[in-house]
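A.B. asks: Top to bottom, those sequences are chains L and P.
So that you can map any letter, position 80 of the first sequence is 80 in our numbering, and since no number is skipped, the others follow by simple counting.
So that you can map any letter, position 50 of the second sequence is 50 in our numbering, and since no number is skipped, the others follow by simple counting.
Hints are not guaranteed to be accurate.
[Stated by the list, open to error] Chain L stretches covered by chain P per the calculated footprint, using a threshold of three residues with CB under 8 Å from any CB of chain P:
#1 6-20
#2 89-96
#3 99-108
#4 126-140
Please keep in mind that the hints were generated in silico from the structure rather than gathered at the bench.
Note that the Cβ used here is the ideal one computed from N, Cα and C, for glycine as well.
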Amino acid sequence: MKKNIRKYIITAITVAAVVIVFFLAGKHGRYAVNKFEIKKISHPILPRSEVPERVIYSINDVKKPLADGPAEKVNDLESMYKKYPKERAGINMIEEWSKVKPEDKAEMAKGITGAIKESEEKLMENPDDKRAKSKLIISQMLQKLMASNFNYKIKEQEAGDGR
Amino acid sequence: MKNKKGFILVITTAFIASLLVVALAIIGMSCGEIIQTRVYNDQSTAYYVARSGAEMMYNYLKAKEGETITWPQSMPSGDSVVRTRGSGGTIVGNFVATADTISSNMFGIVSTGSVNGRTAKVTVKYGCDAAFENGRPIGCAGAMSLKGAGWWIFKSYVRAEGPLASGSAITSNNFVQISGTTLQNQTFEPTNFWWKYNSATGTCSTPKAVGDTNGDNAYLTDANGDGSITLADAGENIAAQEAFINDDINSDGVVNNKDAFISYYTVELNHQGLNIGKNETRYYGSSQSFNYNSIPTGVPIVFVNGDVNISFNSTAWWAQNSNNTIVATGDINIAQPTNTAGNTLTLISYGDVNTGGVNFFGGISGNLVVCSVGDFNAYYGGKSNGAIFSNGQVNIDTVYPISGLLNRDIKKGTTNWSDSTNWPLGLPQNYGSWPLKFAIKADSVVKPIWQRE
Numbered sequence: 001m002k003k004n005i006r007k008y009i010i011t012a013i014t015v016a017a018v019v020i021v022f023f024l025a026g027k028h029g030r031y032a033v034n035k036f037e038i039k040k041i042s043h044p045i046l047p048r049s050e051v052p053e054r055v056i057y058s059i060n061d062v063k064k065p066l067a068d069g070p071a072e073k074v075n076d077l078e079s080m081y082k083k084y085p086k087e088r089a090g091i092n093m094i095e096e097w098s099k100v101k102p103e104d105k106a107e108m109a110k111g112i113t114g115a116i117k118e119s120e121e122k123l124m125e126n127p128d129d130k131r132a133k134s135k136l137i138i139s140q141m142l143q144k145l146m147a148s149n150f151n152y153k154i155k156e157q158e159a160g161d162g163r
Numbered sequence: 001m002k003n004k005k006g007f008i009l010v011i012t013t014a015f016i017a018s019l020l021v022v023a024l025a026i027i028g029m030s031c032g033e034i035i036q037t038r039v040y041n042d043q044s045t046a047y048y049v050a051r052s053g054a055e056m057m058y059n060y061l062k063a064k065e066g067e068t069i070t071w072p073q074s075m076p077s078g079d080s081v082v083r084t085r086g087s088g089g090t091i092v093g094n095f096v097a098t099a100d101t102i103s104s105n106m107f108g109i110v111s112t113g114s115v116n117g118r119t120a121k122v123t124v125k126y127g128c129d130a131a132f133e134n135g136r137p138i139g140c141a142g143a144m145s146l147k148g149a150g151w152w153i154f155k156s157y158v159r160a161e162g163p164l165a166s167g168s169a170i171t172s173n174n175f176v177q178i179s180g181t182t183l184q185n186q187t188f189e190p191t192n193f194w195w196k197y198n199s200a201t202g203t204c205s206t207p208k209a210v211g212d213t214n215g216d217n218a219y220l221t222d223a224n225g226d227g228s229i230t231l232a233d234a235g236e237n238i239a240a241q242e243a244f245i246n247d248d249i250n251s252d253g254v255v256n257n258k259d260a261f262i263s264y265y266t267v268e269l270n271h272q273g274l275n276i277g278k279n280e281t282r283y284y285g286s287s288q289s290f291n292y293n294s295i296p297t298g299v300p301i302v303f304v305n306g307d308v309n310i311s312f313n314s315t316a317w318w319a320q321n322s323n324n325t326i327v328a329t330g331d332i333n334i335a336q337p338t339n340t341a342g343n344t345l346t347l348i349s350y351g352d353v354n355t356g357g358v359n360f361f362g363g364i365s366g367n368l369v370v371c372s373v374g375d376f377n378a379y380y381g382g383k384s385n386g387a388i389f390s391n392g393q394v395n396i397d398t399v400y401p402i403s404g405l406l407n408r409d410i411k412k413g414t415t416n417w418s419d420s421t422n423w424p425l426g427l428p429q430n431y432g433s434w435p436l437k438f439a440i441k442a443d444s445v446v447k448p449i450w451q452r453e
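Chain L with its partners taken away, still in its complex shape (with noise of 0.2 Å):
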């Protein structure tokens, strides 16, 4: 009977032994990892409010160049805005131009129209009016502008008449 408890010490004495083994193994072998560490982190996803932003640009991107070279001549603006990306022929004013509302642009044609009678009136007054003539000018371009819808036609003229 006492054979048979020595051998049951035995055992169990071998199973702790080896439980001990593999515990020391985990903690000081290759695999071994600091616990403060690992109970800092406790989930890996990082909660919602923590997530960086999303990356919505690059400066690199920002500063690309875009391709030299000439443009090539166009005879309206439509025709420009078809032939050219955005980032080199600018916003789309026809476009843009057409998603006013009707009755803004019939305000707007309102107020430029009294704008030009003022001015020819002020003008008729004193055609020395300097003011008045800069407004009549940038109103009457401003008007031919709009009648064409912004759509403007080009008229061909080369550089330089050396006079």
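Given chain L, put chain P in place with the hints provided.
C.D. replies: Quick look at chain P alone, frame taken from chain L:
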């Protein structure tokens, strides 16, 4: 008994074997978990390291407020995050943080954290007043008047970025919004064109005496004190009469700033091979109407002896970095100016510069630089980035209250004139520039998480 002994041995062996199997399985699972945890740990730590890097860069830039800085910026040192424990420290990870401008009033910080080969990137952006040298967004030697319009619910605003500077009073109404300083009754050195070409430097930087239009050191002064230099100031002196005739470039019987203006462009600046001298290819002898095909690609400057009307400026239809300058001895009128980023349209007028258009597609993404000896008038809506300076008055009037369409936005320029290659061609060197200081705009920041806590 013998059998019993054998049975126990077998049981014990089997028990130990099963323990080993269970232990190996547990070890395997633990190792997997440990590796996975470590990867997550490194990734999360890399994020916090990147965040710390961005924060350090923010603090670094914050300390530079009020200075003139150049972009891009990177951290000069301290590119690692150290966790201190007692007197020692452990490097948790490394970061690389850079900052650069996104637009004229916004910059971004990109910080990449790295821990044990795992990386995480953090990107944040801030509104700012970028530091650079450019012209005043709007200024004049005379009086300045800013006027928006409103009726019932309809409003059109003048929205101007400061500094606004005037040699006299600045008046405005309830439909004017100004951000930045407003400087009234300032003293300005008038923009002058009495500059001679310096062949050693290749620039028009040598001052001429007033009256010596051709820079030959033979010139008249206002000897009779009538307020102008005319032939009468030469008296009977034949040499003096000859000097007067040579200096009266436009032959109008008086030597004045207009002669200097014409001489500056058609003679002095033309030494740079610009073909804007009289009888040359980029010289126009009479008033002109330009549109976007008028000026061929690659022509940086034209000279017009007269007025100029421009329906659209030409820069948007060129390659991105095609800047151009239009010089006129008369008035320049431009409706609906548009251009793309990187373009600068420079208008230099001996008369007035008048502009007007529709705000929401008046796309000045680049710059509009105005130098007028006369007035600057802006009617209706429109946008401008850049510098406007008039030696006369400034009059901005939205005329009619249509919300959105007829707002007038006047913003700072986006190029740094301290880099001489960015100085607009043809702009005389005493055109007032303005050092704009760097400042982070706290109110318009999309704050990163560490500043929200």
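A.B. asks: So, for every hint listed, does it hold in this structure?
C.D. replies: Tested hints:
1. 6-20: holds (count 6)
2. 89-96: holds (count 6)
3. 99-108: It holds, with 4 qualifying residues against the three required.
4. 126-140: Coverage by chain P holds here, the residue count being 7 at a Cβ distance below 8 Å.
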